[in-house]
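Novice: Using the hints provided, position chain A relative to the given structure of chain R.
Which chain is which? The protein sequence lines are R and A, in order.
So in our numbering, spot 92 of the first sequence is number 92, and the numbers just go up one at a time.
So in our numbering, spot 37 of the second sequence is number 205, and the numbers just go up one at a time.
No lab work stands behind these hints, which were simulated from the structure alone.
Just so it is clear, CB atoms sit at the ideal spot from N, CA and C, and this is done for glycine as well.
Just so you know, nobody snuck in bad clues.
Computed cross-link-like contacts, DSBU-like style, restricted to lysine-lysine with a CA-CA straight-line distance of at most 30 Å:
no. : chain 1 : residue 1 : chain 2 : residue 2
1   : R       : Lys-72    : A       : Lys-235
2   : A       : Lys-296   : R       : Lys-72
3   : A       : Lys-296   : A       : Lys-235
Pairwise CB distance ranges (calculated):
no. : chain 1 : residue 1 : chain 2 : residue 2 : range
4   : R       : Thr-68    : A       : Ile-203   : 55 to 63 Å
5   : R       : Gln-93    : A       : Ala-303   : 32 to 40 Å
6   : A       : Thr-236   : R       : Ala-153   : 16 to 24 Å
7   : R       : Ala-28    : A       : Ala-303   : 57 to 65 Å
8   : A       : Gly-260   : R       : Leu-40    : 54 to 62 Å
9   : R       : Thr-88    : A       : Thr-214   : 50 to 58 Å
10  : A       : Pro-263   : R       : Ser-158   : 17 to 25 Å
11  : R       : Gly-86    : A       : Thr-254   : 18 to 26 Å
12  : R       : Cys-118   : A       : Gly-283   : 38 to 46 Å
13  : A       : Ser-222   : R       : Asp-119   : 41 to 49 Å
14  : R       : Phe-31    : A       : Ala-274   : 54 to 62 Å
15  : R       : Glu-48    : A       : Gly-283   : 54 to 62 Å
Footprint (simulated), chain R over chain A, 3 or more residues, beta carbon under 8 Å:
no. : stretch
16  : 207 to 214
17  : 217 to 228
18  : 237 to 245
19  : 249 to 259
20  : 264 to 273
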Amino acid sequence: MNAGGKTIAVRKGHSAQRGVFLLEFVVAMGFMAVLGGLVLNMLGQGWELNSRSRAILTVAVASSTSTTWLIKDIHQATATDISDGGGTQPTAQFTWTDSGGAHVCDYALVSGSIRRTCDAAAISIADNVSNLTFERSGDLVTISYDVISPERADISDSIALNVALGAG
Amino acid sequence: MRPESEVSAMLPSHPLTPKHERVLGARSQRGFMMIEMMLAVAIVGTAMFAVVSSFSTSARASAHVQKTTTAEWLATSQIELIRTSTFVVTPGTYPAVPSPAGYTVANATSAVTGGDLNIQTVTVTVTKSGEVVYATSAVKVNR
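One chain only, chain R, in its complex shape (with noise of 0.2 Å):
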């Protein structure tokens, strides 16, 4: 029918109101369907990458943290129980003396922690660590270890740090 030059459509009674009224629900349907899935799966990648970065500043901080505590101890030391080129030991003791008196500070991996054990006080200064070890060369002494995240094994950092004994 023609209005005018607008050609519009007259509903020709109950079964033609119901037909589009199922168009209507089916496109809405379809919208909703499509809307739905979009918002999951943003959703989901939002949340993947929400667990990612908390489970990397994890390691982060436990990487920066321990090699803190390692490198001031070890400058401050005089003296290690680790033998000179003598290959890789799970643990390691660092001596000195200073105007506190003597101090003496262990290494060790304890449940999965590097537990620094220094003039009877120990802390753990990293979690969920493994394959400590200590090697010394000289006066360089290297500390390899891994941390993983609790929450993602797949996030990991592998650390091999050189410090100078004694150089602090």
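Specialist: This is chain A only, laid out in the frame that chain R set:
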């Protein structure tokens, strides 16, 4: 039901105005529902994009922290190795520490002002995929 000729006679002869379209009811309502749906898609899509963008920014920041942390301990390791190494005359370089896949650790020596050849500045640069992630320098003395 009215015959079609009767319905046609009820319609205006001039072009339809928005008022007429509103009066026509069902047709304009159907169009409005579609617009509503598209608006909803656009609004929810924009909101989701904003949320995912913030997650993405957070992930980039974390990756940057990870890169910087690794680069820091690599640079520290290199400086410590240079501390314990035999003095290399400027402009020589010191042996590089082994680095994880993707990272490169380079060092360069340069003379200090004053011309004392037994003192040099050592610059350590850590790059990842060609991009400089971390750089630091230290003074090495021949003693």
